[in-house]
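Student: Below, each chain spelled out in residue letters.
Protein chains: 2
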Amino acid sequence: MNKIYIRKQNSPLLQDVLNLMNTIKDIQNSASLLGWDQETYMPSGSVHPRANQLVTLETIAHRLITSKKARILADKIESHIGNSNEFVNGIYRTFLKEHKLAAKLPQKFVQKFTKAKTYAIESWKKARQANNYKLFENDFDYLTNLKIEQANYYGFSENPYDALIDIYEPGMTHSFLKPYFEIIKKKTIDLLDFALGLSSVINDDFLFNYYDCDIQFKIAKQICDKMGFDFYYGRLDKSIHPFTTSFSRRDVRLTVRVLENDIRSSIYSAIHEAGHGLYEQNICDEYYRTFLEEGSSMGIHESQSLLWEKIIARSLEFSNWLFPLLKENFPTQLNNVSSLEFFKAINKISKSFIRTESDELTYNLHIILRFELENDLLNKKIKVRDIPEIWNHKFYESLGLMPLTMKEGCLQDIHWAHGSFGYFPTYTLGKIYSAMFWNKIQSDIPDVFKHIENGFFIPIKNWLRDNVHQYGKLYEPKALIKMLTGKIFDVDDYHLYIQSKLSSLNK
Amino acid sequence: MNKIYIRKQNSPLLQDVLNLMNTIKDIQNSASLLGWDQETYMPSGSVHPRANQLVTLETIAHRLITSKKARILADKIESHIGNSNEFVNGIYRTFLKEHKLAAKLPQKFVQKFTKAKTYAIESWKKARQANNYKLFENDFDYLTNLKIEQANYYGFSENPYDALIDIYEPGMTHSFLKPYFEIIKKKTIDLLDFALGLSSVINDDFLFNYYDCDIQFKIAKQICDKMGFDFYYGRLDKSIHPFTTSFSRRDVRLTVRVLENDIRSSIYSAIHEAGHGLYEQNICDEYYRTFLEEGSSMGIHESQSLLWEKIIARSLEFSNWLFPLLKENFPTQLNNVSSLEFFKAINKISKSFIRTESDELTYNLHIILRFELENDLLNKKIKVRDIPEIWNHKFYESLGLMPLTMKEGCLQDIHWAHGSFGYFPTYTLGKIYSAMFWNKIQSDIPDVFKHIENGFFIPIKNWLRDNVHQYGKLYEPKALIKMLTGKIFDVDDYHLYIQSKLSSLNK
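Chains as they are written, first to last, in numbering that gives the first Met the number 0: chain X, 0 to 506; chain B, 0 to 506.
Hints listed in this document are in silico derivations from the structure and should not be mistaken for laboratory results.
Misleading hints may appear alongside valid ones.
No copy is singled out in the list; a pair is fine if it fits within one copy or between any two copies.
Capping the alpha-carbon separation at 27 Å, the derived lysine-lysine pairs in DSS-like fashion look like this [what the hints assert, rightly or not]: (1) K506 with K185; (2) K107 with K68; (3) K133 with K393; (4) K114 with K125; (5) K347 with K217; (6) K125 with K225; (7) K237 with K125; (8) K125 with K217; (9) K125 with K220; (10) K486 with K185; (11) K116 with K500; (12) K237 with K75; (13) K481 with K393; (14) K185 with K500; (15) K481 with K347; (16) K500 with K133.
Note that the structure is predicted; figures quoted are calculated from it, not measured.
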């Protein structure tokens with residue numbers, strides 16, 4: 000094994016693949032920076048040049064991965080794959096996958112799609128602000144058609160949606176997810192009245208006092224630091240929509256939403272994004288500038304953010320650690336509040352419009368609504384122009400609330416403007432995976448709750464690094480989960496977790 | 000002429016050149032964004048990936064402009080140039096120049112230089128902060144040798160410095176500049192005692208009161224807006240080192256330095272950068288994504304920023320307009336001050352360490368010092384490791400002050416870390432050009448001072464747009480200046496201007 004390792008490491012084939020991959024990865028990371036800039040600092044008037052710049056970079060990357068040289072390398076790889084060590088196999092597997100997928104797309108399509116996406120993000124911003132869906136409708140319709148076109152290029156056996164889900168969660172399909180999502184939906188609705196009853200006696204008014212934004216931001220930074228996020232290779236900024244992006248494991252950028260009248264937003268969005276950030280920062284150094292330098296899948300990525308944000312940070316033990324820190328900074332606002340009361344308040348179940356602000360139980364209802372809509376759109380069962388009406392109708396059916404504005408309705412998320420159909424289900428997958436991982440962590444680190452209560456997160460951070468993060472994209476999600484938990488897919492862990500969370504609110 | 004115009008506009012040759020140029024320009028603009036990001040938001044630890052990304056983008060751009068396709072186009076252009084309309088000639092001329100220059104550089108050199116520059120910027124930051132030249136010395140030495148190598152690749156008849164000055168000011172040479180700079184130095188020193196005497200009775204204490212930074216920033220933005228800077232296609236941010244950068248005329252970014260104890264910094268750095276910004280924003284729309292979508296030269300660029308910052312904004316009439324606005328916002332700080340007193344205070348001549356904060360008279364001494372050092376470095380008359388000592392010695396000789404820290408000495412500017420040898424002389428050229436332009440403006444707009452006093456800057460903005468900005472890089476600096484002023488190069492306008500400024504302080 001060792002011998003093969005050394006031989007393969009130095010093989011001219013591997014070197015050629017790595018050289019090409021490095022160049023493509025540099026271009027992709029540069030394009031990501033242009034995208035990050037569009038969402039943070041770019042002036043509104045410069046969509047047109049930005050679209051051109053992105054089209055040029057994406058075209059060059061596409062040309063390189065589908066070039067004659069890449070084809071020759073791909074042919075050679077076919078006869079080598081599986082015979083090498085894990086790193087080399089991972090490099091070859093991801094190269095082949097990217098090559099084959101890209102080769103299915105005509106260059107013209109890549110250019111059209113990149114341009115359409117760049118414009119759609121801007122019209123979504125405008126439509127959202129003006130509460131006017133019409134401003135987004137045309138771009139969204141065009142983008143939806145392009146996504147159907149893309150699914151057709153990629154090919155699928157049952158459902159065009161599968162071809163797109165696969166981008167974010169390799170191997171996952173609509174027909175696999177549907178029954179699980181239906182069970183989750185049913186169980187959630189079954190639990191909802193009970194959970195709302197429990198919650199009705201929980202006072203959370205103090206969460207909505209006035210909290211100085213700069214102090215909140217300082218605390219958010221402290222927490223990320225405590226979790227082990229490395230600021231030498233990363234940053235934390237304020238933004239309207241919290242997100243994480245990286246241009247290598249040494250440049251990982253988080254943003255948080257800071258609201259002066261809701262302390263939850265900054266704290267838990269920081270923890271969520273730091274969960275993503277830790278994943279990116281702890282990918283094995285050897286994977287630098289390769290296709291392995293990213294998460295296994297978006298489901299696995301969301302499992303990391305949600306594990307930290309929901310399971311760890313909303314536990315009683317974490318609250319016992321966090322609350323004194325908050326109280327020290329906001330003595331007046333948190334006067335007469337105990338950490339148990341704080342714990343209950345941040346876990347209070349309630350019906351709400353905004354996905355990112357929803358509680359642990361109702362969160363999945365938000366996701367499943369989007370999952371159903373995406374499937375219907377891609378299968379042409381519904382029309383883009385009818386989305387606002389259908390959204391409101393389905394939302395009312397599922398959560399009993401009627402959105403009054405687009406911002407709290409179908410224009411709340413940026414995902415569709417990115418053309419990211421198939422991304423939403425990975426959030427619920429992330430919840431499912433995180434519960435599976437959490438069981439394993441509890442058995443591997445028996446004192447985990449004691450550590451959390453002491454604000455000592457290193458054991459968790461290291462466990463995640465050693466078992467998930469370091470591997471980057473080396474393993475596909477199914478293989479990684481199997482390796483870690485011995486299981487393939489298990490929704491029960493999630494159900495048991497949520498039930499135990501609800502009972503803890505009854506204390 | 001018209002017939003040629005139409006034929007050329009649609010010629011396949013022009014189309015091929017434009018297509019290639021568009022792609023190269025997109026890559027260059029993307030690389031500029033990566034550079035901007037390095038100076039604003041990039042985490043310190045990510046220099047290594049950023050260097051790789053920049054090397055990849057610069058390599059692709061270099062490969063495209065020196066490709067076989069580009070060579071064939073260049074050969075065809077040689078027989079067409081001069082026969083077409085101005086736009087087409089401009090496109091051909093700039094394409095040929097870029098092609099020929101790039102073809103002189105081996106790809107390996109481009110990669111080495113891009114990497115060296117990216118690292119040098121970081122070590123300069125560290126050295127500056129730690130007041131330790133040693134931290135920068137090695138990178139600076141390596142970069143200096145690369146610049147000598149670059150000058151040798153480009154070729155020169157007299158002095159390697161000429162090959163580098165030409166990058167920023169086409170056609171300009173050391174031997175042309177030297178006698179003019181010596182005259183300026185002599186005249187400045189001759190005037191200095193008189194000017195310091197005049198200034199000794201000027202009270203400027205109130206400039207250094209406490210001024211709220213947010214209010215200062217708001218005023219800076221108002222002024223840029225008044226000058227005609229278009230925020231739909233641009234932004235203004237705070238930074239430690241004010242600068243302007245653009246990624247097309249529709250994405251122009253200015254930064255200002257805001258100091259709580261010096262009101263001058265935010266106001267005049269904003270005006271300076273807005274002067275650059277107006278140039279970029281007003282380049283003809285047809286030049287979009289071509290090599291014409293930039294300024295004629297850096298000297299012309301600096302003439303725009305300095306015209307606004309020094310000549311217009313430090314006039315009595317501008318002060319009469321600005322002062323009430325300042326007083327409205329800072330009534331306590333400016334209590335008992337008149338706009339005449341304000342005018343005198345902001346024009347007070349004094350010896351100072353920092354180039355960007357120096358007054359109109361001594362400014363050139365700062366430039367000439369750098370001009371002499373650059374020339375000596377490139378001709379190997381002095382060594383990089385001796386720069387701090389030589390700097391301090393020469394600075395004392397010229398301004399009678401001895402820098403105590405590197406920050407107020409040889410590490411104050413970022414230019415050398417960028418490898419931008421040959422850039423500094425363009426500041427003094429900018430001063431010379433701006434005085435020449437200003438005479439023309441005064442004769443073309445007889446009421447110009449009245450307009451300034453009323454805060455009505457549109458006539459100036461439009462004059463600059465119609466006579467300078469719109470042309471972008473269509474004309475070389477000499478041709479542009481000749482066209483505008485009827486003269487080629489005239490230092491007298493500058494001397495007369497500075498003398499009249501000094502007498503106005505005597506009022």
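Student: Indicate, hint by hint, whether the structure satisfies it.
Tutor: Here is how each hint holds up against the structure:
1. K506 with K185: For K506 and K185, the Cα distance is within 27 Å only inside one copy (26 Å; across copies 86 Å).
2. K107 with K68: Both ways: K107 and K68 sit 20 Å apart in one copy and 21 Å across, limit 27 Å.
3. K133 with K393: within (20 Å within a copy, 66 Å between copies)
4. K114 with K125: Within one copy only: 17 Å inside, 40 Å across.
5. K347 with K217: Result: close within a single copy only, 25 Å intra versus 42 Å inter.
6. K125 with K225: between (38 Å within a copy, 26 Å between copies)
7. K237 with K125: both (20 Å within a copy, 26 Å between copies)
8. K125 with K217: Classified as between; 25 Å across copies, 31 Å inside a copy.
9. K125 with K220: between (31 Å within a copy, 23 Å between copies)
10. K486 with K185: For K486 and K185, only the intra-copy Cα distance (24 Å) is at most 27 Å; the inter-copy one is 84 Å.
11. K116 with K500: neither (40 Å within a copy, 54 Å between copies)
12. K237 with K75: neither (47 Å within a copy, 53 Å between copies)
13. K481 with K393: neither (36 Å within a copy, 70 Å between copies)
14. K185 with K500: within (18 Å within a copy, 81 Å between copies)
15. K481 with K347: neither (33 Å within a copy, 75 Å between copies)
16. K500 with K133: Result: close neither inside a copy nor across copies, 42 Å intra and 58 Å inter.
Against the hints set out earlier in the document, violations occur for numbers 11, 12, 13, 15 and 16.
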